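Turn these sequences into a full structure, and let the hints guide you.
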Amino acid sequence: QQQVKQSPQSLIVQKGGISIINCAYENTAFDYFPWYQQFPGKGPALLIAIRPDVSEKKEGRFTISFNKSAKQFSLHIMDSQPGDSATYFCAASIIRNTPLVFGKGTRLSVIA
Amino acid sequence: EPEVTQTPSHQVTQMGQEVILRCVPISNHLYFYWYRQILGQKVEFLVSFYNNEISEKSEIFDDQFSVERPDGSNFTLKIRSTKLEDSAMYFCASSADSAVSAAFFGQGTRLTVV
Chain A
91 QQQVKQSPQS LIVQKGGISI INCAYENTAF DYFPWYQQFP GKGPALLIAI RPDVSEKKEG
151 RFTISFNKSA KQFSLHIMDS QPGDSATYFC AASIIRNTPL VFGKGTRLSV IA
Chain B
6 EPEVTQTPSH QVTQMGQEVI LRCVPISNHL YFYWYRQILG QKVEFLVSFY NNEISEKSEI
66 FDDQFSVERP DGSNFTLKIR STKLEDSAMY FCASSADSAV SAAFFGQGTR LTVV
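These protein sequence lines are chains A and B, in that order. Take 91 as the starting number for the first sequence in our numbering and just add one per residue. Take 6 as the starting number for the second sequence in our numbering and just add one per residue.
Be a bit skeptical, because a hint or two may be false.
Label-pair restraints from in silico Cβ distances [claimed, not checked]:
hint: 1; chain 1: B; residue 1: S14; chain 2: A; residue 2: Q171; range: 24 to 32 Å
hint: 2; chain 1: B; residue 1: T117; chain 2: A; residue 2: K147; range: 36 to 44 Å
hint: 3; chain 1: B; residue 1: E58; chain 2: A; residue 2: Q104; range: 44 to 52 Å
hint: 4; chain 1: B; residue 1: E61; chain 2: A; residue 2: E116; range: 13 to 21 Å
hint: 5; chain 1: A; residue 1: P98; chain 2: B; residue 2: R85; range: 37 to 45 Å
hint: 6; chain 1: B; residue 1: R85; chain 2: A; residue 2: S159; range: 41 to 49 Å
hint: 7; chain 1: A; residue 1: T118; chain 2: B; residue 2: N33; range: 30 to 38 Å
Heads up, simulated EDC-like pairs for lysine to aspartate or glutamate below, C-alpha to C-alpha not over 16 Å straight-line [said to hold, decoys possible]:
hint: 8; chain 1: A; residue 1: K132; chain 2: B; residue 2: E8
hint: 9; chain 1: B; residue 1: K83; chain 2: B; residue 2: E73
hint: 10; chain 1: A; residue 1: K105; chain 2: A; residue 2: D174
hint: 11; chain 1: A; residue 1: K147; chain 2: A; residue 2: D121
hint: 12; chain 1: A; residue 1: K158; chain 2: A; residue 2: D143
hint: 13; chain 1: A; residue 1: K95; chain 2: B; residue 2: E49
hint: 14; chain 1: B; residue 1: K62; chain 2: B; residue 2: E49
hint: 15; chain 1: A; residue 1: K194; chain 2: B; residue 2: E49
hint: 16; chain 1: A; residue 1: K158; chain 2: A; residue 2: E116
I should point out that these hints are in silico values taken from the structure, not numbers from a laboratory. Since the model is a prediction, treat every value here as computed from it, not as a measurement. Cβ atoms here follow ideal geometry from the backbone N, Cα and C, with glycine treated the same way.
Put into structure tokens, the structure is as follows:
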């Protein structure tokens with residue numbers, strides 16, 4: 091019940107395309123859903139996060155869509171660029187009782 | 006921009022030896038965490054620390070592990086007797102407020118147990 095399932099495991103997108111990564115969770119107590127971006131040899135960096143009281147949050151080219159009834163959330167990267175090539179992790183936590191539970195990650199490659 | 010700093014960046018140790026991984030969290034943060042990532046796998050929670058005590062720990066964080074905040078700035082993870090399976094990237098993270106849960110991660114320490 092503590093798991094966060096992430097798909098796909100890897101993704102290749104052409105430059106300018108839309109990258110979509112999906113996550114699903116079971117624990118309905120989760121109320122904080124961040125996405126982290128990780129470049130090789132670096133720590134995860136917070137990209138964008140959402141609370142379940144909204145269905146969508148947009149920051150620049152990055153959008154989180156959240157479906158509370160389906161217990162799913164996704165990251166959309168619009169106009170994907172080669173510099174977006176990284177591993178993306180979704181995560182979930184209970185705000186007043188962290189820690190973060192991470193998905194297994196998606197390796198994104200954006201090709202020109 | 007403030008950042009979480011970890012040292013060393015890479016540590017090689019013999020099986021059975023003790024290692025101490027060091028972290029300097031962001032200065033006004035109150036919540037501190039250790040996570041680990043075995044090569045190619047997901048990031049896993051080890052322990053959280055608040056108000057000078059452990060607030061939560063995972064099954065991975067057994068008696069071989071301990072954490073300490075010896076002074077106002079450092080946060081350390083000690084592994085008493087390392088095993089081969091402890092080889093991983095260890096990330097320190099900190100957050101200002103658990104209600105925000107925006108954890109900022111350090112660049113990690115790669116621990117290799119031989």
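Hints and how they fare:
1. S14(B) x Q171(A): 24 to 32 Å: holds (28 Å)
2. T117(B) x K147(A): 36 to 44 Å: The hint (36 to 44 Å, Cβ to Cβ) holds, given that T117(B) and K147(A) are roughly 39 Å apart.
3. E58(B) x Q104(A): 44 to 52 Å: holds (50 Å)
4. E61(B) x E116(A): 13 to 21 Å: About 19 Å separates the Cβ atoms of E61(B) and E116(A), which means 13 to 21 Å holds.
5. P98(A) x R85(B): 37 to 45 Å: Holds - the Cβ-Cβ distance for P98(A) and R85(B), about 39 Å, lies within 37 to 45 Å.
6. R85(B) x S159(A): 41 to 49 Å: Given about 47 Å between the Cβ atoms, the range holds.
7. T118(A) x N33(B): 30 to 38 Å: holds (33 Å)
8. K132(A) x E8(B): Answer holds: K132(A) to E8(B) is near 13 Å, not above 16 Å.
9. K83(B) x E73(B): Holds. K83(B) to E73(B) sits at ~8 Å (cutoff 16 Å).
10. K105(A) x D174(A): holds (10 Å)
11. K147(A) x D121(A): With a Cα-Cα distance of about 15 Å, the restraint between K147(A) and D121(A) holds, given a limit of 16 Å.
12. K158(A) x D143(A): holds (9 Å)
13. K95(A) x E49(B): OK: K95(A) and E49(B) at ~14 Å, within 16 Å.
14. K62(B) x E49(B): holds (11 Å)
15. K194(A) x E49(B): holds (10 Å)
16. K158(A) x E116(A): Roughly 11 Å between the alpha carbons, so the hint for K158(A) and E116(A) holds.
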